[in-house]
Amino acid sequence: KQEVTQIPAALSVPEGENLVLNCSFTDSAIYNLQWFRQDPGKGLTSLLLIQSSQREQTSGRLNASLDKSSGRSTLYIAASQPGDSATYLCAVRPWASGTYKYIFGTGTRLKVLA
Amino acid sequence: EPEVTQTPSHQVTQMGQEVILRCVPISNHLYFYWYRQILGQKVEFLVSFYNNEISEKSEIFDDQFSVERPDGSNFTLKIRSTKLEDSAMYFCASSGQDYGYTFGSGTRLTVV
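If you read the sequences in order, they're chains A and B.
Every letter in the first sequence is one number past the one before it in the numbering used here, and letter 104, counting from 1, is 104.
Every letter in the second sequence is one number past the one before it in the numbering used here, and letter 6, counting from 1, is 120.
Hints may be right or wrong, so weigh each one.
As the list claims (entries may be wrong) - Part of the chain A face toward chain B, derived, beta carbon under 10 Å: (1) VAL4; (2) PRO8; (3) ALA10; (4) GLN38; (5) ALA86; (6) LEU89; (7) TYR100; (8) LYS101.
Claimed, not checked - Over the 10 Å line for every Cβ pair with chain A, so calculated as not near, a few chain B residues: (9) GLN131; (10) GLU170; (11) LYS197.
Claimed, not checked - Within a straight-line C-alpha distance of at most 30 Å, the following computed DSS-like cross-link-like pairs (lysine-lysine) qualify: (12) LYS111(A) x LYS156(B); (13) LYS1(A) x LYS156(B); (14) LYS192(B) x LYS68(A); (15) LYS1(A) x LYS197(B); (16) LYS192(B) x LYS1(A); (17) LYS42(A) x LYS111(A); (18) LYS156(B) x LYS197(B); (19) LYS197(B) x LYS171(B); (20) LYS192(B) x LYS171(B); (21) LYS68(A) x LYS171(B); (22) LYS192(B) x LYS156(B); (23) LYS156(B) x LYS171(B); (24) LYS156(B) x LYS68(A); (25) LYS42(A) x LYS156(B); (26) LYS197(B) x LYS111(A); (27) LYS68(A) x LYS111(A); (28) LYS1(A) x LYS42(A); (29) LYS42(A) x LYS197(B); (30) LYS1(A) x LYS68(A); (31) LYS42(A) x LYS171(B).
Keep in mind that the hints were calculated from the coordinates and are not lab data.
Source: prediction; values computed, not measured.
Think of the CB as a built atom: it goes at the ideal place given N, C-alpha and C, for glycine as much as any other residue.
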């Protein structure tokens with residue numbers, strides 16, 4: 001059964017720091033992996049989608065990498081800003097016929113201090 | 115940018131009552147989903163819907179739950195007889211051919 005773990009659970013950094021959020025998954029047979037951002041009491045905003053054949057994806061100050069064989073993904077945030085404060089969720093889609101669901105991690109709650 | 119729209123944003127209901135949560139997915143998406151998040155817990159998969167039928171459901175999605183796409187644009191989740199433990203944030207999502215999701219902003223369901 002696929003399990004997704006994110007560490008750290010919470011992180012507090014001063015503005016301007018570069019930071020790395022970690023995601024690990026127990027079964028390397030995945031179709032893709034998606035990083036989401038969740039603001040308190042709000043929905044989930046897709047940040048980056050990495051297909052299983054890809055090693056990384058970039059969007060602005062965000063870079064996500066995928067190492068399928070070791071069951072890991074990292075989300076790198078460059079030059080963090082207070083507006084980046086949110087919970088970041090990693091989710092994997094298992095490689096299985098007929099399944100389109102995502103399995104989510106518990107998230108990393110990020111606070112960027114001004 | 116296209117959005118997934120959910121209504122209402124917050125619903126309070128009495129235990130045992132039926133509730134219907136509504137969603138308008140992105141118009142050219144083919145796959146539709148419901149997830150829930152109990153306060154402080156993980157986002158959990160409930161059901162996926164494709165080609166007018168359920169393609170997959172979780173253990174949570176028992177006989178109390180049903181989904182429908184009544185008119186080609188709306189996608190609904192019905193809970194027949196709500197329990198206290200159904201209190202959660204319910205998220206609708208849709209996806210296209212790349213299977214990347216777009217989520218709605220959620221409906222907070224409070225069962226009292």
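Right, here's what the structure says about each hint:
Because the beta carbon of VAL4(A) sits about 8 Å from the nearest beta carbon in chain B, less than 10 Å, this interface hint is met. Using the Cβ-Cβ criterion of 10 Å, the hint placing PRO8(A) at the interface with chain B is not satisfied: the shortest such distance is roughly 16 Å. The restraint placing ALA10(A) at the interface with chain B is violated, with a minimum CB-CB distance near 13 Å, outside the 10 Å limit. A hinted interface residue such as GLN38(A) counts as satisfied when its beta carbon comes closer than 10 Å to some beta carbon of chain B; here the least separation is about 8 Å, so the hint holds.
Because the smallest distance between the Cβ of ALA86(A) and any Cβ of chain B comes to about 14 Å, over 10 Å, the interface hint for this residue is violated. Interface restraint check: LEU89(A) against chain B, minimum CB-CB distance 7 Å, threshold 10 Å, status holds. Evaluation of the TYR100(A) hint against chain B yields a held restraint, the C-beta minimum of about 5 Å falling below 10 Å. For LYS101(A), the interface hint holds, since its Cβ comes within 10 Å of a Cβ in chain B; the closest pair sits about 4 Å apart.
Listed as a non-interface residue, GLN131(B) keeps its Cβ farther than 10 Å from every Cβ of chain A; the least gap is roughly 23 Å. With a least beta-carbon separation of about 6 Å from chain A, GLU170(B) fails to lie farther than 10 Å from that chain, contradicting its non-interface assignment. Annotated as non-interface, LYS197(B) keeps its C-beta farther than 10 Å from every C-beta of chain A; the closest such distance is 22 Å. Annotation: proposed proximity of LYS111(A) to LYS156(B) holds, straight-line Cα distance about 19 Å (limit 30 Å).
For the proposed pair LYS1(A) and LYS156(B), the alpha carbon gap of about 16 Å is at most 30 Å, so the pair holds. Annotation: proposed proximity of LYS192(B) to LYS68(A) is violated, straight-line Cα distance about 37 Å (limit 30 Å). Between LYS1(A) and LYS197(B) the alpha-carbon distance is near 28 Å, which keeps this suggested pair within the 30 Å criterion. At most 30 Å may separate the alpha-carbon atoms for a hinted pair to count; LYS192(B) and LYS1(A) meet this at roughly 28 Å.
As the CA atoms of LYS42(A) and LYS111(A) are separated by approximately 16 Å, the hinted pair is consistent with the 30 Å bound. A threshold of 30 Å between alpha carbons decides the hint, and for LYS156(B) with LYS197(B) the separation of about 19 Å falls inside it, so the pair holds. With a C-alpha separation of about 19 Å, the suggested pair LYS197(B) and LYS171(B) falls inside the 30 Å cut-off, and the hint holds. Of the pairs offered as hints, the one joining LYS192(B) and LYS171(B) holds, with about 14 Å between alpha carbons and a cut-off of 30 Å not exceeded.
Distance check on the hinted pair: LYS68(A) and LYS171(B) sit about 26 Å apart at the alpha-carbon level, within 30 Å; holds. Straight-line distance between C-alpha atoms of LYS192(B) and LYS156(B) comes to about 21 Å, which keeps the hinted pair within the 30 Å bound. Of the pairs offered as hints, the one joining LYS156(B) and LYS171(B) holds, with about 17 Å between alpha carbons and a cut-off of 30 Å not exceeded. At most 30 Å may separate the alpha-carbon atoms for a hinted pair to count; LYS156(B) and LYS68(A) meet this at roughly 22 Å.
Our distance criterion of 30 Å between C-alpha atoms is met by LYS42(A) and LYS156(B), whose separation comes to about 14 Å. A threshold of 30 Å between alpha carbons decides the hint, and for LYS197(B) with LYS111(A) the separation of about 35 Å lies outside it, so the pair is violated. Distance check on the hinted pair: LYS68(A) and LYS111(A) sit about 28 Å apart at the alpha-carbon level, within 30 Å; holds. With a C-alpha separation of about 29 Å, the suggested pair LYS1(A) and LYS42(A) falls inside the 30 Å cut-off, and the hint holds.
Note on LYS42(A) and LYS197(B): the hinted pairing holds, with a Cα-Cα distance of about 23 Å set against a maximum of 30 Å. Our distance criterion of 30 Å between C-alpha atoms is met by LYS1(A) and LYS68(A), whose separation comes to about 16 Å. Pair hint LYS42(A) plus LYS171(B) holds up; C-alpha atoms about 24 Å apart against a cutoff of 30 Å.
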